[in-house]
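K.L.:
First to last, the protein sequences are chains A and B.
Just so you know, our numbering puts 338 at position 338 of the first sequence, and the rest follows in order with no gaps.
Just so you know, our numbering puts 325 at position 325 of the second sequence, and the rest follows in order with no gaps.
A hint or two may mislead.
It does not matter which identical chain is meant; a pair holds if it fits inside one copy or across any two.
Stated by the list, open to error - In silico lysine to aspartate or glutamate, EDC-like type, Cα no more than 16 Å apart, as pairs:
#, residue 1, residue 2
1, K12, D100
2, K12, E334
3, K9, D102
4, K12, D255
Just so you know, the hints here were simulated from the structure itself, not pulled from any lab data.
Number of protein chains: 2
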Amino acid sequence: MTSNRIGEKTLKLTAPVYIRGIGSVVGEDEAKGPIKQYFDVLDKDLLHRKESFEQAERRFFSNATRQALHNAGLGARDMDFLVGGDLLNQIISAAYAARDLDIPFLGLYGACSSMAQSMAISSMLIDGGFAENIVCATSSHFGAAERQFRYPLELGTPKPPTGQNTVTGAGATVLSTQPSELCIKYVQVGNVLDFGINDANNMGAAMAPAAAQTILTVLDDLQVQPDHFDAIVTGDLGVFGSEMLLDLCAQAGTDIAGVHKDCGVMIFEGVPKKDSGGSGCACSATVLNGYFLKRMLAGKLSRILFVATGALHGPTTIQQGESIPGIAHAVVIERSDI
Amino acid sequence: MTSNRIGEKTLKLTAPVYIRGIGSVVGEDEAKGPIKQYFDVLDKDLLHRKESFEQAERRFFSNATRQALHNAGLGARDMDFLVGGDLLNQIISAAYAARDLDIPFLGLYGACSSMAQSMAISSMLIDGGFAENIVCATSSHFGAAERQFRYPLELGTPKPPTGQNTVTGAGATVLSTQPSELCIKYVQVGNVLDFGINDANNMGAAMAPAAAQTILTVLDDLQVQPDHFDAIVTGDLGVFGSEMLLDLCAQAGTDIAGVHKDCGVMIFEGVPKKDSGGSGCACSATVLNGYFLKRMLAGKLSRILFVATGALHGPTTIQQGESIPGIAHAVVIERSDI
Chain A
1 MTSNRIGEKT LKLTAPVYIR GIGSVVGEDE AKGPIKQYFD VLDKDLLHRK
51 ESFEQAERRF FSNATRQALH NAGLGARDMD FLVGGDLLNQ IISAAYAARD
101 LDIPFLGLYG ACSSMAQSMA ISSMLIDGGF AENIVCATSS HFGAAERQFR
151 YPLELGTPKP PTGQNTVTGA GATVLSTQPS ELCIKYVQVG NVLDFGINDA
201 NNMGAAMAPA AAQTILTVLD DLQVQPDHFD AIVTGDLGVF GSEMLLDLCA
251 QAGTDIAGVH KDCGVMIFEG VPKKDSGGSG CACSATVLNG YFLKRMLAGK
301 LSRILFVATG ALHGPTTIQQ GESIPGIAHA VVIERSDI
Chain B
1 MTSNRIGEKT LKLTAPVYIR GIGSVVGEDE AKGPIKQYFD VLDKDLLHRK
51 ESFEQAERRF FSNATRQALH NAGLGARDMD FLVGGDLLNQ IISAAYAARD
101 LDIPFLGLYG ACSSMAQSMA ISSMLIDGGF AENIVCATSS HFGAAERQFR
151 YPLELGTPKP PTGQNTVTGA GATVLSTQPS ELCIKYVQVG NVLDFGINDA
201 NNMGAAMAPA AAQTILTVLD DLQVQPDHFD AIVTGDLGVF GSEMLLDLCA
251 QAGTDIAGVH KDCGVMIFEG VPKKDSGGSG CACSATVLNG YFLKRMLAGK
301 LSRILFVATG ALHGPTTIQQ GESIPGIAHA VVIERSDI
């Protein structure tokens, strides 16, 4: 049994890892929803001066990272690592941004769970004494993701009711040994779960079982009830996936309905044609760094369980008839005692 | 400055992290080269009973992982994490294997540097007290990689002289707190370097600058000469990239020619039509876990610097005229004092 493990698989940091800077940059549609005032930057140029969606996404990634560094009062040279990824093949947004920022780079792929995965790994690296400051960042872009995973926007393919909308934007967090108002105390790395869903337009259902498993394990390991947290925040289950999560938890005897919030539901609530909610690496990254951490800084929330989920399929596996496996990583964020 | 940093960016583990199990599985062509006898398993079924290259690659990934677990005398349930990735879009080989193995999963993407990246992250997680045993694994497959990055094999497109051949196979290493004959003492996370190469058939040239930077920084940080190591092992620079690496190091006043070995050159040396060498995540993973670690276990080598390089481009960036950025991560492996 590892020295830092609590219960079955939750890991307790030896010392709190502090959140020193936050950044969130979103596109035009994301700035129409009910939490629009929380985002740092609205970037309407979704085509990066008409060059490409991919280049635009890279700019979002860089800008959110620079915003978090600025918020922390630090520069790229102060960062020991950049840890992050995105949805595009070969995580090109993160890799090319890492080239331009010139920070030692650990690229990862956890699909839409990437923000929680980045924060979990980075917290452990800082706690282990391998870094003083790490910037975690993830991005996604509706145009780039749709043409890669489903259909190019130019085809005008309608989405089924369960089809979520990839969030255009990026979020970044600077983690540090330096005390600040918010900190991470626990993390959990998820297992890959597969309930046999094979519809790429119903990813909430593919990810809900992994979210339920991770949330229930954290509650059990910490021996707490759901209301121990002011919010249990999932990344992008969307409207249908969130219902499924509540059902799965209820079947296990745990009612999380009172504290559950889904970033995908929140970001597009009431926005026309986005009924089923948002998705993508940027969904949880922007809503966490935009809304939740700012609400915590304002003293409105004291403790949240952040659980970003990822659907670990690819277009090739869908074409080859495979089902969609899901994963969920967890990070417990609290107001510091300082 | 972080507590574990030596010099500019090399990180010293507080205690050695031990190599407890190794596994290497290769395809038919890889078993024709001069180091064929070192690989654990030869798997001739490159189409996984004619289903697909991608499914075959997944089987290689799982088999190498199981081989390393078997070699360690451990089971999947003894692993705290599976850390790894592959070249395919959405790292499907690693993700689906992680589902089947049911080990908490940290997926990463460092292109062909993924084995060194996995080992570096895992060493730090173990040293930080977050895991007792981690299995690191990466894979690649010639047929799957060619059709994704360049042209489907069915087209019969000839390769230019600089075009390397993706290794079909997988390698895995079990890292542990439990003392054994080999251990990791230092790691280094690389920066992303771009020298403006934009030919997807000349990746050795795109990666050589990153390899040179990482190797020179390790030597400088540890204040040692190249012959401090019995071998400085690069992943898949191939014939042309290796020449470039030696030139770049020589220009910086450091001659590594006497100790440099490249896994890509070694695996296909003398094999017809593979003149420029091997590449892919499996190239460094199989030659490290097959040849080098076995030579170390046999007492023929005492200390190696393992530097796997990755080309962080994607087919989309090539089509959009972008250059190919490279990265190189380092791991120092020694015979233990036990």
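K.L.:
Measure nothing new, just compare the shortest in-copy and cross-copy C-alpha distances for K9 and D102 to 16 Å and report within, between, both or neither.
P.N.:
Result: close only across copies, 13 Å inter versus 34 Å intra.
K.L.:
Since the copies are identical, ignore which copy is meant and state whether K12 and D100 lie within 16 Å (CA to CA) inside a copy, between copies, both or neither.
P.N.:
Neither, since 34 Å and 27 Å both go past 16 Å.
K.L.:
As a check of your reading, is K12 near E334 (CA-CA no more than 16 Å) within one copy, between copies, both or neither?
P.N.:
Only inside one copy: K12 and E334 sit 13 Å apart there, 31 Å across copies, limit 16 Å.
K.L.:
Within a copy, between copies, both or neither: where do K12 and D255 come within 16 Å Cα-Cα?
P.N.:
neither (25 Å within a copy, 46 Å between copies)
Checked against the numbered hints listed earlier, the structure breaks hints 1, 4; every other hint is satisfied.
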